[in-house]
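On the provided structure of chain A, position chains B, C and D as indicated by the hints.
Residue numbers (the working numbering), protein chains in the order written: chain A, 1 to 66; chain B, 1 to 247; chain C, 1 to 205; chain D, 1 to 229.
Heads up, a few of these hints could be off.
Unchecked claim - Heads up, simulated EDC-like pairs for lysine to aspartate or glutamate below, C-alpha to C-alpha not over 20 Å straight-line:
no. : chain 1 : residue 1 : chain 2 : residue 2
1   : C       : K129      : D       : E197
2   : C       : K129      : C       : E93
3   : C       : K199      : C       : D162
4   : C       : K129      : D       : D29
5   : B       : K116      : B       : E52
6   : C       : K129      : C       : D87
These are calculated hints, taken from the structure and not from any lab test.
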Amino acid sequence: MSLTEFFSMGGYAFYVWGSYAVTALLMLIEVILVVRRRRTLLDRLGRIHGAAHGAWRDGAGNETQT
Amino acid sequence: MALNWFKYSSPASFYPLAGRLAPWFGVAAALLTLTGLYLGFFVAPTDYKQGEAYRIIFIHVPAAWMSMFIYLVMAFYAGLGLVFNTRLSAFMARALAPTGALFTFISLWTGALWGKPMWGAWWVWDARLTSELILLFLYLGFISLQAAIEDPRRAARASGLLALIGAVNVPIIYFSVQWWNTLHQGASISMSQGSAMAATMLTAMLVMTLAFWMYTIAVVLTRVRCEILERERHSEWVAEVASRETR
Amino acid sequence: MLRGNALVAVRGDRRLFAGLDFALDAGELLYVNGPNGSGKTTLLRMLCGLVAPAEGAILWNGEDIRSVGDAYRAEMVYFGHLAGVKDELSGVENLRVNCRLAGQDPSDEELTRALGTLGLRGLETLPAKVLSQGQRRRVSLSRLLLSRAHLWILDEPYTALDRSAVELLQGLIRDHLARGGLAVLTTHQQVEIDAGITKELRLGS
Amino acid sequence: MEMSGIGLLSGTRNILARDLTLAGRRITDVLTTLFFFVIVVSLFPLGVGPEMNTLRMIAPGILWVAALLATMLSLGRLFTADYIDGTLEQMLLSPQPLSLIVLGKVAAHWLVTGAPLVLMSPLLGLQFGLGGAALGVLMLTLLIGTPVLSLVGAMGAALTLGLRGGGALISLLVLPLYIPVLIFGAGAVEAVASGLEAGAHLSLLGALLVLALCFGPWVTAAALRISLE
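Isolated chain A (complex conformation):
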């Protein structure tokens, strides 16, 4: 089986690779989002605990965006 043959998937390349590509992409996005959420969270917490304890309270929790 040649490489082109493999990628053509017997004429169903669009459907097969479309499925796999979107799945991979969505999972990748989810991982990136989760990792980024963790980074920003730790970043904020670190800044707060460097300063006064509890500066980051009240409201929706999205202030102190210095």
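Using the frame of chain A, we list chains B, C and D on its own:
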């Protein structure tokens, strides 16, 4: 592994445990995915009826299974949180929802891409696809309700109750959709009909399912760690963690 | 009779109070004060069983109010910020609905008399939407007159009441305490109640 | 103690009577739901075309979906007024079981929204060329099905109480749960219209009603306690 359940049901002690476990699940997910893809693309034979297009099932079916499993696990944690008032269970339910919705969407997407070459239509009102669509609505309802409530305690309890209502209704909805489908003689997407599934196909599918599980656990553990940090940000131990991990 | 043990209240992310203890017996008034946002209303809603304490327990005759349930609610009346008066119903109808919710079924005569005592004679059959804010509070307060509850929980009851209504309400509380009832009260007005034993609970200090 | 003499269902009856009185004095609310139902159903022929055979075929689905939407529209009112004026708080503090009070409220809701739909449906069915037997079954399915809509809708209304954008949210929560009722309800009418038996549909619809009656008020009561905390 003799885990002391009660010790790890407190967020403060679950946090480091989850942190140690998550990378291992991530590695397991990657290895299993590679194995599954190898089996699916190079070992499993071409289906004599559907040609190469059938290879979509190696993600379609596992994703569909995951979407239902995750809903059940989520409802289980939600129930636990409501009955025993444990915060960790509520965090788990909340962390599971986005991944569950993701798999539901993937199963719908791949279902459409599979249906087009097989039935000549992007969407057929097949019982399974329809149920999957409704499941997506249930996930979205859960996520939106949680997002709409500001008080974290009310959000956890209200969405927990909603997850339980959903879990009771899922079998009823599934049964009614099946009934509706047979009455209207709709198309049925089924692998088992006609083509007997080769053992290697089944193996590849199971390996991919396992890979999705490992992925889910890794992502959910990481997300639950974020939840814990956010909710407990005023406590002493979070202050310690923050100063340790940001350095 | 009513005990609070090591109560902790959390609202959203904020800890309103912690380690709060109090005890209240027959004929005693608990006067809860503190600045805005110190958790007065939360404490009172906790005492009703509407809000669960984050930690600690509230005991009625030695039993947790959460396990006593309906029997506790039968012995308690709560008067909060919201009047619980329907615009479309008349004074008598409003009072009757409220009494029935509390498990009582007073006659028309009793209802009219209660409303009359609160200075609403002649207005009993008008829909509540034509009444003033103060008059609506009076309609709502009239259920205290018919209530046989042992425990009164009153959150800012003097709001929107005129001088005479405040005096009337003070009289009601005084009589209630004299009969051996219990009352929990928050208020911003400086109001003296010269009956029974008054205990004070300061929040937010 | 004072409770003796007043029956267990007195809480249900009192609230039912009160809500009916209130609905009587706010009659426009009742009519709004009914008119909505009539208008939505009447729009379909304009969109689909006046071909009677097509209309007859889609009639059960349209009438049922319109009934679903009309019920949805009225759910926002179920607890909101009582929540805003503080009556709901008093209901939670009542010594009577909250689930029975909820049952009274749901019964009133059905009487002012569901029941008029049931009565109006044969007229609309005629516009779509449904025959006598089909009209009868249409009424019967709505009679059994609309109480389920009220009972299930009450759960959603209780969960979204006082939230911003509650109206849109409630449809997202409740509509998926309405699907079985829609399937069995419309299915029964369709079966009869094409000369088949509808017994199985009707029994399943009845089973849904029993299930909703047993658990609905209880779950709604739990949701109300969560929402008012």
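Each hint, compared with the structure:
About 54 Å separates the Cα atoms of K129 of chain C and E197 of chain D, which puts this hinted pair outside 20 Å; it is violated. A C-alpha spacing of about 13 Å is found between K129 of chain C and E93 of chain C, which places the hinted pair at or below 20 Å, so the restraint holds. About 26 Å separates the Cα atoms of K199 of chain C and D162 of chain C, which puts this hinted pair outside 20 Å; it is violated. Our distance criterion of 20 Å between C-alpha atoms is met by K129 of chain C and D29 of chain D, whose separation comes to about 18 Å.
Taken as a hint, the K116 of chain B and E52 of chain B pair is honoured in the structure, with Cα atoms around 14 Å apart against an allowance of 20 Å. This hinted pair checks out: K129 of chain C and D87 of chain C have alpha carbons roughly 4 Å apart, not beyond 20 Å.
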